[in-house]
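This is what each chain is made of:
There are 2 protein chains.
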Amino acid sequence: MALTPARQSGGYSQKLSVRSIDLSSGKLIAVLNEIDARELGIFPLDRLEITNPENGRSANAVVDVTDSIIGENSIGMFRELSQLLGVRDGSAVKCNAAPKPRSVGFVKKKMDGGRLSQEELSCIIEDISSNRLSEIETTAFVSAVYMREFDLDETVAMTKALIENGRKLELSSKTVVDKHSIGGTNGRATMIIVPIIAAAGYAIPKTSSRSITSAAGTADSMEVLANVSLQLGAIKRVVEKTNGCIAWGGAVELAPADDKIIKIEHPLSLDPEGQVIASVMAKKASVGAKYVVIDIPVGPYVKVRTREKAEQMALKFVEVGKHLGMKVEVLLTNGTEPSGKAFGPALEAKYALEILEGRFFDNLARKSVEISGALLELTGDVPKGQGYAVSLDILQSGKALQKMKEIISEQGARALSSQDIKTAPYKKEVLSVQNGEISTINVGYLNHIARLAGAPANQKAGVMLDAEQGASVTKGTVLFEIYAENEAKLDAAYEFAIRNRVVEFATIIIGKFD
Amino acid sequence: MALTPARQSGGYSQKLSVRSIDLSSGKLIAVLNEIDARELGIFPLDRLEITNPENGRSANAVVDVTDSIIGENSIGMFRELSQLLGVRDGSAVKCNAAPKPRSVGFVKKKMDGGRLSQEELSCIIEDISSNRLSEIETTAFVSAVYMREFDLDETVAMTKALIENGRKLELSSKTVVDKHSIGGTNGRATMIIVPIIAAAGYAIPKTSSRSITSAAGTADSMEVLANVSLQLGAIKRVVEKTNGCIAWGGAVELAPADDKIIKIEHPLSLDPEGQVIASVMAKKASVGAKYVVIDIPVGPYVKVRTREKAEQMALKFVEVGKHLGMKVEVLLTNGTEPSGKAFGPALEAKYALEILEGRFFDNLARKSVEISGALLELTGDVPKGQGYAVSLDILQSGKALQKMKEIISEQGARALSSQDIKTAPYKKEVLSVQNGEISTINVGYLNHIARLAGAPANQKAGVMLDAEQGASVTKGTVLFEIYAENEAKLDAAYEFAIRNRVVEFATIIIGKFD
Numbered sequence: 001m002a003l004t005p006a007r008q009s010g011g012y013s014q015k016l017s018v019r020s021i022d023l024s025s026g027k028l029i030a031v032l033n034e035i036d037a038r039e040l041g042i043f044p045l046d047r048l049e050i051t052n053p054e055n056g057r058s059a060n061a062v063v064d065v066t067d068s069i070i071g072e073n074s075i076g077m078f079r080e081l082s083q084l085l086g087v088r089d090g091s092a093v094k095c096n097a098a099p100k101p102r103s104v105g106f107v108k109k110k111m112d113g114g115r116l117s118q119e120e121l122s123c124i125i126e127d128i129s130s131n132r133l134s135e136i137e138t139t140a141f142v143s144a145v146y147m148r149e150f151d152l153d154e155t156v157a158m159t160k161a162l163i164e165n166g167r168k169l170e171l172s173s174k175t176v177v178d179k180h181s182i183g184g185t186n187g188r189a190t191m192i193i194v195p196i197i198a199a200a201g202y203a204i205p206k207t208s209s210r211s212i213t214s215a216a217g218t219a220d221s222m223e224v225l226a227n228v229s230l231q232l233g234a235i236k237r238v239v240e241k242t243n244g245c246i247a248w249g250g251a252v253e254l255a256p257a258d259d260k261i262i263k264i265e266h267p268l269s270l271d272p273e274g275q276v277i278a279s280v281m282a283k284k285a286s287v288g289a290k291y292v293v294i295d296i297p298v299g300p301y302v303k304v305r306t307r308e309k310a311e312q313m314a315l316k317f318v319e320v321g322k323h324l325g326m327k328v329e330v331l332l333t334n335g336t337e338p339s340g341k342a343f344g345p346a347l348e349a350k351y352a353l354e355i356l357e358g359r360f361f362d363n364l365a366r367k368s369v370e371i372s373g374a375l376l377e378l379t380g381d382v383p384k385g386q387g388y389a390v391s392l393d394i395l396q397s398g399k400a401l402q403k404m405k406e407i408i409s410e411q412g413a414r415a416l417s418s419q420d421i422k423t424a425p426y427k428k429e430v431l432s433v434q435n436g437e438i439s440t441i442n443v444g445y446l447n448h449i450a451r452l453a454g455a456p457a458n459q460k461a462g463v464m465l466d467a468e469q470g471a472s473v474t475k476g477t478v479l480f481e482i483y484a485e486n487e488a489k490l491d492a493a494y495e496f497a498i499r500n501r502v503v504e505f506a507t508i509i510i511g512k513f514d
Numbered sequence: 001m002a003l004t005p006a007r008q009s010g011g012y013s014q015k016l017s018v019r020s021i022d023l024s025s026g027k028l029i030a031v032l033n034e035i036d037a038r039e040l041g042i043f044p045l046d047r048l049e050i051t052n053p054e055n056g057r058s059a060n061a062v063v064d065v066t067d068s069i070i071g072e073n074s075i076g077m078f079r080e081l082s083q084l085l086g087v088r089d090g091s092a093v094k095c096n097a098a099p100k101p102r103s104v105g106f107v108k109k110k111m112d113g114g115r116l117s118q119e120e121l122s123c124i125i126e127d128i129s130s131n132r133l134s135e136i137e138t139t140a141f142v143s144a145v146y147m148r149e150f151d152l153d154e155t156v157a158m159t160k161a162l163i164e165n166g167r168k169l170e171l172s173s174k175t176v177v178d179k180h181s182i183g184g185t186n187g188r189a190t191m192i193i194v195p196i197i198a199a200a201g202y203a204i205p206k207t208s209s210r211s212i213t214s215a216a217g218t219a220d221s222m223e224v225l226a227n228v229s230l231q232l233g234a235i236k237r238v239v240e241k242t243n244g245c246i247a248w249g250g251a252v253e254l255a256p257a258d259d260k261i262i263k264i265e266h267p268l269s270l271d272p273e274g275q276v277i278a279s280v281m282a283k284k285a286s287v288g289a290k291y292v293v294i295d296i297p298v299g300p301y302v303k304v305r306t307r308e309k310a311e312q313m314a315l316k317f318v319e320v321g322k323h324l325g326m327k328v329e330v331l332l333t334n335g336t337e338p339s340g341k342a343f344g345p346a347l348e349a350k351y352a353l354e355i356l357e358g359r360f361f362d363n364l365a366r367k368s369v370e371i372s373g374a375l376l377e378l379t380g381d382v383p384k385g386q387g388y389a390v391s392l393d394i395l396q397s398g399k400a401l402q403k404m405k406e407i408i409s410e411q412g413a414r415a416l417s418s419q420d421i422k423t424a425p426y427k428k429e430v431l432s433v434q435n436g437e438i439s440t441i442n443v444g445y446l447n448h449i450a451r452l453a454g455a456p457a458n459q460k461a462g463v464m465l466d467a468e469q470g471a472s473v474t475k476g477t478v479l480f481e482i483y484a485e486n487e488a489k490l491d492a493a494y495e496f497a498i499r500n501r502v503v504e505f506a507t508i509i510i511g512k513f514d
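If you read the protein sequences in the order shown, they are chains Y and W.
Take the first sequence: its letters are residues 1 to 514, numbered as in the numbering used here.
Take the second sequence: its letters are residues 1 to 514, numbered as in the numbering used here.
Hints in this document: simulated from the structure, not taken from any laboratory.
Quick caveat: nothing in here was measured; it's all calculated off a predicted structure.
Each hint should be verified, as a subset may be incorrect.
In this list, chains with the same sequence are indistinguishable; a pair is considered to hold if it fits within one copy or across any two.
[Stated by the list, open to error] Lysine-lysine pairs mimicking DSS-like chemistry, simulated, CA-CA at most 25 Å apart:
(1) Lys-399 <-> Lys-384
(2) Lys-174 <-> Lys-327
(3) Lys-384 <-> Lys-290
(4) Lys-108 <-> Lys-309
(5) Lys-168 <-> Lys-236
(6) Lys-309 <-> Lys-109
(7) Lys-263 <-> Lys-108
(8) Lys-100 <-> Lys-260
(9) Lys-405 <-> Lys-236
(10) Lys-260 <-> Lys-109
(11) Lys-109 <-> Lys-263
(12) Lys-100 <-> Lys-263
(13) Lys-108 <-> Lys-260
(14) Lys-15 <-> Lys-100
(15) Lys-422 <-> Lys-405
(16) Lys-260 <-> Lys-27
(17) Lys-263 <-> Lys-27
(18) Lys-168 <-> Lys-260
(19) Lys-327 <-> Lys-384
Working from the sequences, and respecting the hints, build out all of it.
Structure follows, in structure tokens:
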């Protein structure tokens, strides 16, 4: 509505007495009595500007309104807020309705189909990370980006905005490279690629995520072997010493606004392409990567389902890279079958170590060597066509294993060999109920079964696959095995496993009409 | 991401011990330790299904995650939640990750540009009102409706969904009529129309809103005269006795989901046309209205700025009315100048009573009589062309004033005559700084000045306009007067008033080139 001009500063302010609430919620939340809220012209979810006159500190908080808990002339403060302002019970603070941040207008502009400039996107990102935009406004922004999409210029601008807003890793002289896989279930290729690349002499400061919907993220698996909650300083130290690291991105604050955006995308499973590209590229730029390989698995159970979609995304990644002075190569990979056979933090960590130890060489190993080879060729130091052989040699010679042990040790070793890793005590096999040739394996279901069994919170729980696509099996053959920490979880996982078609068999007749 | 199937029931559940948190927030909020949250597969803002085994009650709560305040194996509960479940400190409850509500898929469908069916919209509305959709998901829905828009079928379906979801007013035999004005600054036409129509023998159970951005809503003004926080039963009693009432809609829960949607629209000033129409029509249907007049003011400082937009909206209102068995007439009215001269709850209430008392007859009075006449003609009982005269007679004969006093008395009288109404003690006149003819008066600024002076929280604060559009004034003429309850607020309002061009003067030369 256009009835009222934007709130001006110089509006009415009130002195209120602090009542601290011994509770934290990750947000800056103040609680006002409804009489004071009305007096200040504040509605629930509006923002209040609060100043502590003793030290001059001020903050914008989101307001909850109550008619009972907080009395008149008082202001309840959750822990984060009282800490930020440096106030105690009974402190007097000055409060007034915060002017609406400029970025609200830019969010509205995007909702109305406008294109956002660098300055506008930077302002939005700044306001998201400093809590000046509320959760409702941030959600509207994310929804607008999903529905109106970013063009290339906006994607580049968004990437730069995220870089400016976050922290940066400054490494000394070495060439920094990085890789990223888009929403596949990749097994743990990262845990094989990082030591290969580090052993080849490049710096690869990899930050990874924890699982949201799968059985384990790379950070969950690495955590079985070492500490992954590294601050920026620790990452620098580990990488300066070993060339590589595998850390949990959530601890680093490389892109705090992006972390908030991802939190909002999660419940609605939104992943607007422009936002995904900006998010990935900003994190790569923040660690100083000059050469980046992006892996986009394409298949029915992974994020990108069609080749067209993957190609379109690939071109944008390359283009955004150019604008940031980074050399980017995108590999479209076969996402129609599982990479590796382990699902769950400990099982996946053990599986990756076994590959590094040379115990077997499967499709996950091959994929890891392919990506490593592409990275080496991308730097220009390894001639075209020789990357795979160079990488394979690093893996098979044991240099990658040696490097992985160094990295694990620098990150605070918990396990250095596959034999050190224990799996959960309760097990149950799932058997084939028919003879036939396996046509597809539903990786989504396997992840879900591993989660029902307790992964990733129970590190040792998960699923080990025995079956392979294309293999002929007979009734009673073991398809996969479930690991759990107690019988209740084992039963819940098994129950789901036998009620759903995790494995599909090839059929000849696919329809019949009489 | 498509990696994981929707959460299935039968997932892992945990027993936790309740720790009550003496705080209410209007929402069902639970606080979990991050260890338990991980164990349950719950992320911040996810939903937790909680059951009290003692009485079988269960609820879906939104989860905040903490690493400190709530220990392991405990669950913190805000007041609303513990009351709903009937638990005390130390009670044991069963918790598991709530399955994602079906409506999340429908929200996504709308975001992706799909059209929603009656069943899908009903499911969304049901889930919004029962808190199964979180604030993030509801915001995404509101954003989708704003960006993708509702077609006519969807608008009708949305209206029906809101009606089903809310409560209904069941009146005995009388014909029920109603009126609504779209986002104008209407002065208080409602306080003149309701007694005219009630005196004419029709039931008009009017629910009105409080102000959000203006100096006063109808509910704020009526509150100066009587109690407006009426429950459904009280509205029924007042209307059965007097034919009319003017109540605050927020107390009635006619459309609880709509109230939540409006709360989300507010910070972003979103007002998707389809949602506005559904919201208005559902409220009219819920009170059983058969004949409805919708007033759409058109002008530069009101919600609808162009005639095209107003006509388009008008046709949809009529069409939706047909689908609901209601006869709807839409009046486009002149929104280019203020209706009446008062801004602020007490000033507007006093002004409306003065019109009913026959002290003057201005543009607000004329508009009120016009709308009343249209309503009477719409019922078919008053011949076309005679509605205005019949209404005017009811006003001028004093029957409308008598009826207003009955309504006020039944709602618990606070003031029955314009002379009973006190205004704020601190006053300051704003004078013209030039000679000239007044071309426009910025109603948005006047509302803002009234708010700076303390309205609507300070009932007696506000602005009284002296100037009129088209009038010739000389330097030093009083343009308007500000009323405030203390000097600080008076100064803040006056400061804004003299720094902004509230009144524009007609100019002959509008450009000059040499």
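As a check of your reading, is Lys-260 near Lys-109 (CA-CA no more than 25 Å) within one copy, between copies, both or neither?
Both, since 21 Å and 24 Å are each at most 25 Å.
If the cutoff is 25 Å on CA atoms, where do Lys-100 and Lys-263 land: within, between, both or neither? Let me know, please.
both (23 Å within a copy, 16 Å between copies)
How would you classify Lys-260 and Lys-27 at a CA-CA limit of 25 Å: within, between, both, or neither?
both (11 Å within a copy, 21 Å between copies)
For Lys-263 and Lys-108, with the copy left unspecified, which applies at a CA distance of at most 25 Å: within, between, both, or neither?
both (21 Å within a copy, 17 Å between copies)
25 Å Cα cut-off: does Lys-108 pair with Lys-309 within a copy, between copies, both or neither?
between (28 Å within a copy, 19 Å between copies)
Could you place Lys-422 and Lys-405 in one of the four classes (within, between, both, neither) given a Cα distance threshold of 25 Å?
Cα proximity of Lys-422 and Lys-405: one copy only (18 Å, versus 82 Å across).
Within, between, both or neither: Lys-100, Lys-260 at alpha-carbon 25 Å
both (20 Å within a copy, 21 Å between copies)
At most 25 Å between C-alpha atoms: does Lys-399 with Lys-384 qualify within a copy, between copies, both, or neither?
within (22 Å within a copy, 95 Å between copies)
Lys-109 and Lys-263: within-copy, between-copy, both or neither at 25 Å Cα:
Both, since 23 Å and 20 Å are each at most 25 Å.
As a check of your reading, is Lys-263 near Lys-27 (CA-CA no more than 25 Å) within one copy, between copies, both or neither?
both (13 Å within a copy, 20 Å between copies)
Should Lys-168 paired with Lys-260 be assigned to within, between, both, or neither, using CA atoms and 25 Å as the limit?
Answer is within: at 18 Å inside a copy they meet the 25 Å cutoff, but 41 Å across does not.
Pop the pair Lys-384 and Lys-290 into one bin, within, between, both or neither, using alpha-carbon distances up to 25 Å.
For Lys-384 and Lys-290, only the intra-copy Cα distance (18 Å) is at most 25 Å; the inter-copy one is 78 Å.
Violation of the numbered hints given earlier is absent; every hint is satisfied by the structure.
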